[in-house]
Amino acid sequence: MQKNERRLVGLIFVVAFNLRVGISSVPALLELIKKDLGISNFQSSLITSIPVICMGVFALTVPYFQRTLGRRRTIFFSLLILGLGTLARFFVTSYNLFLVTAFMIGFGIAIIGPLLSGFIKSNFPFRSGLMIGVYSLSMGLGASLSSGLVLPLTEHFKGNWGISLALWGVFALIAALIWQMFSPVESQRKSAKSTSFSLPLKNKKAWKYTLFFGIQSGIFYGMTTWLALTALEKGATTLQSGYFLTLYTVIQMLCSFIIPTLMDQFGKMKQWMFFSSGLVFIGAGMIALAPSVVFFVVGIILAAIGLGGLFPIAVLLPLRNTKTAEETSLWTSMIQSFGYILGGFMPVLMGAVKDTTGSTIAPFLIMVLLSSVLLTLSFSEKNEPSIDL
1 MQKNERRLVG LIFVVAFNLR VGISSVPALL ELIKKDLGIS NFQSSLITSI PVICMGVFAL
61 TVPYFQRTLG RRRTIFFSLL ILGLGTLARF FVTSYNLFLV TAFMIGFGIA IIGPLLSGFI
121 KSNFPFRSGL MIGVYSLSMG LGASLSSGLV LPLTEHFKGN WGISLALWGV FALIAALIWQ
181 MFSPVESQRK SAKSTSFSLP LKNKKAWKYT LFFGIQSGIF YGMTTWLALT ALEKGATTLQ
241 SGYFLTLYTV IQMLCSFIIP TLMDQFGKMK QWMFFSSGLV FIGAGMIALA PSVVFFVVGI
301 ILAAIGLGGL FPIAVLLPLR NTKTAEETSL WTSMIQSFGY ILGGFMPVLM GAVKDTTGST
361 IAPFLIMVLL SSVLLTLSFS EKNEPSIDL
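Each residue of the sequence shown is one higher than the last, beginning at 1 in full-length UniProt numbering.
It is possible that some hints are incorrect.
[As the list claims (entries may be wrong)] 35 Å max Cα-Cα, derived DSBU-like pairs, lysine-lysine:
id, residue 1, residue 2
1, LYS323, LYS202
2, LYS323, LYS382
3, LYS202, LYS35
Please keep in mind that the hints were generated in silico from the structure rather than gathered at the bench.
Given only the sequences and the hints, what does the whole structure look like? Please build it.
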């Protein structure tokens, strides 16, 4: 790999690190936040769902920003908004203010995601699996570190969860500076003339991939939101529940790099889709019905491996069905927009069902049902080699 390529890989890694931190740092602290702010399970689920829903709504604005500001400047400003929204959690004193920070975080992530996919398509057209692996690994690393360190940080700051959540905003601001200094200057005018900047709203395959993305996203955020709380309700301590969440995020992070890298070497997309969906189906079922800690942990491991594959697969699908970086960004914008809106409501649905039924395992039974839909979508995918266009 040449020096310039290593620089581009570094940029992907630095930017992607920040794309889940503002969401994944919250679940381990939900019990403390619920107590301090006096909110219900439904309201607490909105804390993690609002950013995801915003990620969906604002992804629709990507074509506008790509046309007017260009990819480079848009990513820079989005990182600034993401960082400032995260830092603002230091000042949170009410539930509504917390939702404002969630809104800012969701906006930043919504814009960066599709544009970063286009950046990968433009600079690494024949190594998209490996680069999506780097993207996913970095994103998972950020999620893992934030979810694993937020409790010790809160204890260090004598129960002040606002500080431990806000600190992660510094990384986004540093990433914005690095991106501005080292990202290549693009030819915006040429891009604007050669691209229609219209979403593939009439493409059936794009809608199928949107459904796939939305469901896997909903399961991921449902798992992130409810795993630690379910462990507590099953008798685990706060520290143990944090360890379970860290185990989940670490395995998911590693597999999000390993699986797309393997996809570049062998196997077919349909096979990897089915493999990953099947593991989530089994894992979520084991977590829900676990008679012992061993079954609970094995369920976490299987679900984490499966979800580690599902996200990069969902991101790779538009890359492997488009020809240009601009087209990739438009497909990704549509898929992530409607997909995140769909996925963002799922943890809320899980919280509402949990409040209504009082069932500890209700969220995970819903995940089993959703993963069965992913299995069906996997069967419907054409049986073709997993190679780049």
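To see whether the hints hold, each was checked on the structure:
no.	hint	result
1	LYS323 / LYS202	holds (18 Å)
2	LYS323 / LYS382	holds (19 Å)
3	LYS202 / LYS35	violated (47 Å)
The earlier numbered hint that this structure contradicts is number 3, and it is the only one.
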